[in-house]
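Please work from the sequences and hints to get the whole structure.
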Amino acid sequence: MKTTHWFLSLATALTLNAQAQQKFDVSVPWGPNEFHTQNAMRFAERVKEQTKGEVLLTVHPGATLGVKPNESMRALNDGVVPFGEYALFQNASRGQALAVETLPFLVENYEQLKVLHGYVRPVWDGLLAKNKQKGLYMVPWPSQYFFVKKPLATIADMKGLRMRSLDKLTTDWINRLGMTPVQLTNPEIVQALGSNMLDGVPTSAGTAASQKYPEFLSHGYHTNHLWATNVMAVNLEAWNTIKPEHRATIERVAREMEPEFWTVSQAEDAKRVAELSSKGMKVQPMPKAVVDEMRKLTFSLWAEYAKPMGPEVEAALTAYRAKVGK
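Residue 23 is where the sequence shown starts when you use this note's numbering, and the numbers rise one by one after that.
Careful, some of the hints might be misleading.
What the hints assert, rightly or not - Here are the in silico distance ranges between beta carbons for each label pair: (1) 325 x 74: 46 to 54 Å; (2) 74 x 347: 46 to 54 Å; (3) 259 x 207: 27 to 35 Å.
Stated by the list, open to error - Pairs of lysine-lysine residues, derived as DSBU-like cross-links and limited to a Cα-Cα distance of at most 30 Å, are as follows: (4) 190 x 90; (5) 293 x 234; (6) 154 x 74; (7) 70 x 90; (8) 171 x 293; (9) 90 x 156; (10) 348 x 181; (11) 156 x 70; (12) 154 x 45; (13) 190 x 152; (14) 156 x 329; (15) 90 x 293; (16) 152 x 265; (17) 234 x 304; (18) 348 x 190; (19) 310 x 293; (20) 172 x 234; (21) 154 x 265; (22) 318 x 136.
No lab work stands behind these hints, which were simulated from the structure alone. Just so you know, even glycine gets a beta-carbon here, dropped at the ideal spot from N, CA and C.
Structural data, given as structure tokens:
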């Protein structure tokens, strides 16, 4: 009789535990070894630990849930997935202000980026809310470079270079710098380099390393011509099914881990630069005088592209520029 009672008690406990436990899928478009994916997995593990196993987040890397990078915000809005990470600028069709970081040569380093986020993050949060979701943490991709076939010491050295472009804004500033834009998707870049159709690519050291640019290009110049930030977001309907105390815990975990993830981003840049250098590529800062000249040549694009983003963004940019002296 006592044995039967023990089994019944165990079965009841297991049933109650299963009812208390909530499981959510997390859509991530990046591959399993990408540092953003690794961050998401660490976040999921910490959430599990801090909620004592009552909230389980399962990270699905490589877009295995069928959500494309530029469709992620819509997918969360529609409830296709409950949680997801995506690059803000890639989803700017849902709100142009999501692309404010891509204004050319606006932000020089991580410190200035934090300042910019202080002014624009409320705008981003508002856009997320309009799209039925909430941002938990935001982490930038690493610094950006010009990877090219020859040394660049002056603006004149860039004249006529066939440089990869990915959208209208990129095309505009490449033209302003005297280079020739060649619009290509990411998978087309290596083939274009191999067939000598391209002289350079503006991108991160991570992309340059993974796509083996040292086989085609000899120099990398640190420019920070744009920035791109990812958000880990949750659909609001899914969010509201979570117990209030667990929601508070998840927000706390996100708050605590975000600075750690920024440090990971910076370390990723250093690691990838070292990898490129070991392959024979010369990676160095772009001379300050050249960056200053590039900013002057593209400066008018700030106002041109910020205006459609709305008055909140224009005000944020004014405050940011006053703070950092631009």
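| message | Checking one constraint from the list: CA of residue 318 to CA of residue 136, max 30 Å. Satisfied? | response | 23 Å, holds
| message | Between the alpha carbons of residue 154 and residue 45, is the straight-line distance 30 Å or under? | response | It holds: about 20 Å lies between the C-alpha atoms, which stays within 30 Å.
| message | So if I understand the rule, the pair passes when the alpha-carbon distance is 30 Å or less; does residue 154 with residue 265 pass? | response | 18 Å, holds
| said: Against the 30 Å threshold, does the CA-CA distance of residue 190 and residue 90 hold or violate the hint? | reply: 21 Å, holds
| Does the alpha-carbon distance linking residue 234 and residue 304 stay inside the 30 Å limit? | 14 Å, holds
| request: For the pair we were handed, residue 154 and residue 74, check the Cα-Cα distance against 30 Å. | output: 27 Å, holds
| query | Has the hinted range 46 to 54 Å been met by the Cβ atoms of residue 74 and residue 347? | reply | Hint holds: Cβ distance 48 Å, inside 46 to 54 Å.
| message | With the threshold set at 30 Å, check whether the alpha-carbon distance from residue 90 to residue 156 stays at or below it. | response | Distance ~19 Å between residue 90 and residue 156 Cα, so the pair holds.
| request: With a cut-off of 30 Å on the C-alpha distance, tell me whether residue 90 and residue 293 pass. | output: 28 Å, holds
| said: Does residue 329 sit within 30 Å of residue 156, going by the straight-line distance between their CA atoms? | reply: 25 Å, holds
| Is the distance from the Cβ of residue 325 to the Cβ of residue 74 consistent with 46 to 54 Å? | Given a distance of about 51 Å, which is inside 46 to 54 Å, the answer is holds.
| request: With a cut-off of 30 Å on the C-alpha distance, tell me whether residue 190 and residue 152 pass. | output: Given that 30 Å is the threshold and the Cα spacing comes to 26 Å, the pair holds.
Of the hints listed earlier, there is not a single one the structure fails to meet.
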